[in-house]
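Asks: As given, the protein sequences belong to chains A and B, one line each in that order.
Here my numbering is used: the first sequence runs in plain steps of one and ends on residue 416.
Here my numbering is used: the second sequence runs in plain steps of one and ends on residue 305.
Hints in this document: simulated from the structure, not taken from any laboratory.
Ideal placement from N, C-alpha and C gives every residue a C-beta, glycine not left out.
Hints may contain errors.
[Unchecked claim] Quick list of simulated restraints, FRET-style, between CB atoms:
(1) B:Pro-298 x A:Phe-302: 56 to 64 Å
(2) A:Val-352 x B:Arg-218: 26 to 34 Å
(3) B:Gly-119 x A:Val-352: 26 to 34 Å
[As the list claims (entries may be wrong)] Computed footprint of chain A on chain B, listed as stretches where at least three residues anywhere in the stretch have a Cβ under 8 Å from a Cβ of chain A:
(4) 128-140
(5) 159-168
Okay, here's what each chain looks like letter by letter:
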Amino acid sequence: MCGIAGIIHRNQTSDVGTEMTAMLQSMKHRGPDSTGYALFGEPTGRTLIRFKLADANDPRDFDFRARLQRNRARVEARLREIGASIDRIDAETEYAFRAVVRYNGDLKTLADYLEDIPGCEVLSLGTSLEIVKDLGDANEVASQYELRGFQGTHAIGHVRMATESDVDISGAHPYWAYPFADVAVVHNGQLTNYFQWRRRLERSGHRFQSECDSEIIAVYLAEKMANGSGLKDAMEESLDELDGVFTYMAVTKDSLGVAKDEMAAKPLVLYESDDMVVMASEEIAIRAVLDREIDTSDPYERQVLVWTR
Amino acid sequence: MDQVGSSGSRRITYDARGLAEPHAEVPKVSEIDAGRAVFDAAKLTTRQINLELRWLIYEQGVRDVTVLNPGAKHSIGVGILQRCKIRFAGSLGYFGLGVIDGPEVIIEGRVGWSVCENMMSGVVVIEKNAGSLTGAAIRGGDLVIKGSVGARTGVDQKGATILVGGDAGAVTGFMMQRGRIVICGNAGPSLGDSMYDGTIYVGGRVASLGIDCIEGEWTDADTEFIDRKFRIYGMDKPSSFQKFVCGKQLYNYDNLEPAERKLVL
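Just chain A, with the same shape it has in the complex (with noise of 0.2 Å):
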């Protein structure tokens, strides 16, 4: 079933952490194996990368922790390797890291000389999204990676139950565009010719962490973003090129949109004001963060918006 949700402050920053995670954490029972946020921090001038160096499953073999330690050197040695010089990096959890860094290289052969790292995936990358993902609800994971607090200006986020691959934090939501900075998507759905386009977007380079029918909108489109369009065509086209079921929504550094299917099969409450854009798949996690009678609509299908600040 899964649900998703995205909110954008129009004019000001706000405690994003805490809102998204109020509206996932109201969705738990659309989806409770795993919980996802891309958040957008003010941006920094220095390059985020979030990644992991093992799956939360992974069994813990008695190497486990010295496997990690030995990955993480390898991490900051690539990463002076490849010219990025180091501010900082923090363990969120004993695999999950956010490293800080100066970097004005391609991001794509900064991700791939990380992911050939064994274990490494390459979670997210930008100079304002961060993305965050685990098993378990909104607020184990917000706990777990201290979310609540996090000021930004947009996010979305996504509770995950897993029906076309694995329960572990490759195949949760929200996907990153590799290897696009600040692009991320979440998907409520199924795509039924998902392997067409894995093939399409692996011939021209790119790399799938998981068997996840979701990660190739990221992909797709950040390649179609890459190539000139601006995100709302990209996102038009997609709706003629993706076949299947499907309400998703996709951020980039400063804007927050949404697209669904020409069925309308999935869906979207959506609340729009001058100040704020708040959309989920269902209502009640948007009293979540507006305590207050509102008045919803329901895009409908073939709908593709876009809000920008």
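Keeping the supplied structure of chain A fixed, place chain B upon it in accordance with the hints.
Replies: Chain B alone, transformed into the frame defined by chain A:
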């Protein structure tokens, strides 16, 4: 399995079959006065709200209930089989007012997906928008949505009147079998797809007709019906309507019931 419910930090428990709150008790928080009752649902769970409604209507004999702060919770007011008045001062979530038979309900906010699924009789008036699958398999009564509705309104409709003040999404009236859908605004693609019978009236533009849905001939009975319904609910009527019915090109039935057919074969 335990999980934290949507209403704050209150824990909702499930039994082995997955039914929510098997041991919930009637909260009895209503103020009852001369056959009318009012209660605040803000801090109650779905099951507590439904238990309170049943307690009021079936055991206390109250025939006029006001529910404050329903907070877009799901599955509120389902299965009420008694003539009574219920007013929700706010919005409902998904699956509201399913399988009701008799109540006269006013919702001052909006509703999510699947409101009034399989409703048997009564009146439901929604002041704002409704989600998709509104009035699925509805059998009787009047369902009035003053705002717009999502996709698949009146799917498998077997009776009743669905009146929409705004626009309707894709595949409205899919496989409808009886009854009427009135849409004041525009209708989405595949209107009346594979309908068996019944009538759809559209005041605005129709994006496209579904398979075997054709324009019908307007009669005096249509005028009378439209005028009457708009008068009852005090809504603004578009200047004209188009009428759509089943083309009956997909009627490929033989006259035998399945059991008879088995005998013959």
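Asks: A separate judgement is required for each hint: does it hold in the structure or not?
Replies: Evaluation of the provided hints:
1. Between Pro-298 of chain B and Phe-302 of chain A the C-beta distance comes to about 41 Å, which lies outside the given range of 56 to 64 Å.
2. For the pair Val-352 of chain A and Arg-218 of chain B, the supplied restraint of 26 to 34 Å holds, since their beta-carbon distance comes to about 29 Å.
3. Judged by the Cβ atoms, the range 26 to 34 Å given for Gly-119 of chain B and Val-352 of chain A holds: they are separated by roughly 30 Å.
4. For the region 128-140 of chain B, the stated coverage by chain A is satisfied: 4 residues place a CB nearer than 8 Å to a CB of that chain, which reaches the threshold of 3.
5. Counting residues of the region 159-168 of chain B whose beta-carbon sits less than 8 Å from any beta-carbon of chain A gives 1, not enough to reach three: the coverage restraint is violated.
Going through the hint list in order, the structure does not satisfy hints 1, 5.
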